[in-house]
Amino acid sequence: MTSLYAGMVSNLMSGYQEAGFDLADALRAAKFDRISPEATVQDFVRLSRAVSLLMNDEYAGQMERPQRVGTLALLAAHVSHGRTLGDGFQRLSDFMNMLDNTFSVSFYTNGAECRFQLKRLNPRFPRSEFGVEAVLILMHRLLEWMSASSLPVNSIWFDYGRPDWAGSYSLLFPNAEPAFAASSSGFSIPLDELSRPLCRTEIAAKAWARRTPMDAFFPVEHYLGTSLEISSLLENAIKESRKLPSMEDLAEHLEMPVYTLRRRLKKEGCALPAIRLQVKRDHACRLLAETDQSVETISAQLGFSETSAFVRAFKDWIGVTPRTYRQAGLLQISVSAHRTFN
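Using our numbering, the letters of the sequence shown map in sequence onto residues 325 to 666.
Hint data in this document are derived by calculation from the structure and do not stem from the laboratory.
Careful: at least some of the hints might be erroneous.
Said to hold, decoys possible - Between beta-carbon pairs, the in silico distance windows are:
#1 N499 x D616: 15 to 25 Å
#2 E362 x H577: 31 to 41 Å
#3 P361 x A624: 38 to 48 Å
Unchecked claim - 25 Å max Cα-Cα, derived DSS-like pairs, lysine-lysine:
#4 K563 x K591
#5 K591 x K355
#6 K590 x K567
#7 K639 x K591
#8 K639 x K567
#9 K639 x K355
None of these values were measured; they are calculated from a predicted model.
Beta carbons: idealized from backbone N, C-alpha and C, even for Gly.
Can you make the complete structure from the sequences, with help from the hints?
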């Protein structure tokens, strides 16, 4: 039986390659020698980030129209202006219907529950199960985060046959038995959840969307965990031009002993150096793509003493220099262009 994340990795990479991109580029960007048949959630997250950046597509070639890097941040910003969870889901549905030709998206009441539903407009898209899984998981997690507490799912259904990894869906949607071969895909939530207030600002929502997306695929008990809190604290320090907090500083802020913080991070499969690197990398990519700040300014903001050190680090993270990344337009690199860079 294929594991959940091995199945997702397989679908992710098939869409990437069908779009004409080179597998070797993704492996190099993700720092992998090869793709393991026993891929973990950490493997999936690293590969999905690399693929999204290489393709400049947050859904990795799954949809009929590429969803450029930054699209989810715009969606999150729009949703943040809703007052309640019900408002948020309606805003989410409206935005998605303006965004792409892959799905017709609806959110409606059905008895004692509400349903978030996707109906395909083109049977060829998404290219694989991952395209449906990604939308449902990301949209559920976004609204869950917006309301600052877990959001129970009554049921979840899919418009494709039961995949080999279906038994692991409970990691992502606990207590919801999945159904397959339905006429649409979606999930339902209790009706009484709709009045729950949304409590995140637009600025926070954009930051969540830029930092978080594929972390949403971590098992539920990890997703809203300590590593996400630490990522947010590190990102705030960078934005405010403060020194990055140490393990001791973070433990003090989170009101726990250092050994407890280390234990929680270990349980979530994370380490502070890796989180720091991820936050720096994501912040650098955003600034290069969305601002006209110089490479020297961005280097200093990220805490590098020399610009040359930042350039080397960025090339190690992404595979090209900061200037090449910016000039390529969010790293929308074709195979031929990538060879030119090298």
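What are the numbers of the hints that this structure violates, sorted from low to high?
As far as the earlier hints go, 1, 4 and 7 are violated by this structure, in ascending order.
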